[in-house]
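Enquirer: Sequence:
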Amino acid sequence: MEEPWWKSAVVYQIYPRSFADSDGDGIGDLGGILARLDHLVGLGVDVLWLSPVYPSPQDDNGYDISDYQGIEPMFGTLADFDRLTAAVHERGMRLVMDLVVNHTSDEHAWFRESREGPNSAKRDWYWWRPGRPERGVVGEEAAAPNNWGSFFSGSAWQYDDTSGEYYLHLFSPKQADLNWENPEVRQAIYAMMRWWLDRGVDGFRMDVINLISKHPDLPDGESTGDGLYGDGSPYYVCGPRVHEYLAEMHREVFADRPERVLTVGEMPGVTLEHARLFTDPARGEVDMVFQFEHVGLDFGRHKFDVRPLRLTALKESLGRWQTGLAEVGWNSLYWNNHDQPRVVSRFGDDGPRYRVRSATMLATVLHLHRGTPYIYQGEELGMTNAPFASVEDVRDIEALGHYRQAIRAGEDPERVLDGLRARGRDNARTPMQWDTSEHAGFTTGTPWLPVNPNHTTINAAAARADPESVYHHYRRLIALRHSEPAVVHGDFTMLLADDERLYAFTRRYRDTTLLTLANFTGEPVELPAALATEWATAPLVLGNAGTSIDPATLQPWEARVQRKG
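Note that my numbering gives residue 521 to position 521 of the sequence shown, counting from 1, and the numbers run on in steps of one.
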């Protein structure tokens, strides 16, 4: 049986409002993406994934959708979208849409009808519940239906004066959770997905898709320790009917398509055991999942409580997922996306001496694992976290919610701000750095989020002109995936699992074995003598520290790939 096309593909994520602005309003748009497609062709990627471009009040930058079958005017029109889709296909690439169906905006027509009152035809399309007087009174209303907290801080329930009840929102109060228990909801979503596929879309990345099934009783969660809210996640993370829903979606939307499309489920809190079920081809649910275990390893009490990364913990996590999905399912590989800080600032060294070396090392490690790699815009340039002078510079709803809650709890404002600087989502959302001009070639107007000042040295024009840049290293990594079957199909064996400085593994396919070695430190590291001797004469396939390698030592932040057979 022929392997799915996406196993050998590389996906590039575009955050449209920050990629390229074609009309000078300071916000990226579809025209800007169209004008910059050749940058992506030159990079060699196979799939473009667009973060949401649907009509939206932009409470959560488009992840609060008010119309599933349109285009937000700030990004363009449906005609612009059709032109972009055609241009992507003409260049031999595919286009994947971001889709958010756990919740809609509170401005969606479905929700507006739902909130008209208990007798509304769409009342049961969302999770409406009366207050619980026995829990006390908040203002003039009975307390919320349960004690769940929102991902964006505060209660997961919002009281609605119009209809006299609360509605559930696991995220912002403007992001009301859909009730997937209602078959009418599911059929409306499936019809919308078919509409986009018929328009030429090649698949979907589905936001927080493992949260769509809630325990129908909505029980209280255990206290999280701050005394304010309970942890409701046992009742909605990979909930009781989630596998049933995704199998139904597959049957109704994807199964009969003549051209196989890509389905990716973003799944916070997913376990390896669940991921094997979600991605088992025989079950017909999704092709791969995004899991968050490896990007939570440097969290303390929460994501903004920064802790150093232990390399052994990273190897244990990634290695376990490699082994666990080796025979059933498939991995998606990423360091960066629109919700993560820049990896070179997080796990590498973003100073001038080692930024390129550490960025290319991290890229090499990721792309040589088994799975489909995802590149987030600017990652191929080695873009870094942004300097945020004060909380007034922060735009992200998650970060601002955390800041307010932490300050109310008496935490030191400067320490809280340090956490936002290190982990805030705005780090990934500063505009793409195209050149050295005032706004980095992103816009002729005033950008919606300031451009990182380092765009005068870190930008696409400079990177394309420098054969040793991060950009050209990514080009070589992508070309290696396309030409070397062991990168796609080879088995995976972790080496040096207990080493806190070196990351090493092999990929073996038929008569070929690839060794990947990486130094996660800013100091030279000697290789174990047996490993150095075994691979001393193996040719270098790809490296980031020149072609003359010392078989016994890895230079600071060095990565190399060697081949036998």
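The set of hints was computed from the structure by calculation and includes no laboratory data.
Be a bit skeptical, because a hint or two may be false.
As the list claims (entries may be wrong) - Simulated restraints, written as ranges between beta carbons of each label pair:
id, residue 1, residue 2, range
1, D511, E259, 30 to 40 Å
2, G24, N119, 28 to 38 Å
3, E181, R112, 19 to 29 Å
4, E134, R301, 24 to 34 Å
5, S548, A389, 17 to 27 Å
6, D498, A326, 14 to 24 Å
7, D82, D498, 21 to 31 Å
Cβ atoms here follow ideal geometry from the backbone N, Cα and C, with glycine treated the same way.
Enquirer: Hint by hint, note whether the structure agrees.
Expert: To see whether the hints hold, each was checked on the structure:
no.: 1; hint: D511 <-> E259: 30 to 40 Å; in the structure: 33 Å, holds
no.: 2; hint: G24 <-> N119: 28 to 38 Å; in the structure: 48 Å, violated
no.: 3; hint: E181 <-> R112: 19 to 29 Å; in the structure: 21 Å, holds
no.: 4; hint: E134 <-> R301: 24 to 34 Å; in the structure: 31 Å, holds
no.: 5; hint: S548 <-> A389: 17 to 27 Å; in the structure: 44 Å, violated
no.: 6; hint: D498 <-> A326: 14 to 24 Å; in the structure: 21 Å, holds
no.: 7; hint: D82 <-> D498: 21 to 31 Å; in the structure: 54 Å, violated
The structure does not agree with the numbered hints 2, 5 and 7 stated previously, though it agrees with the rest.
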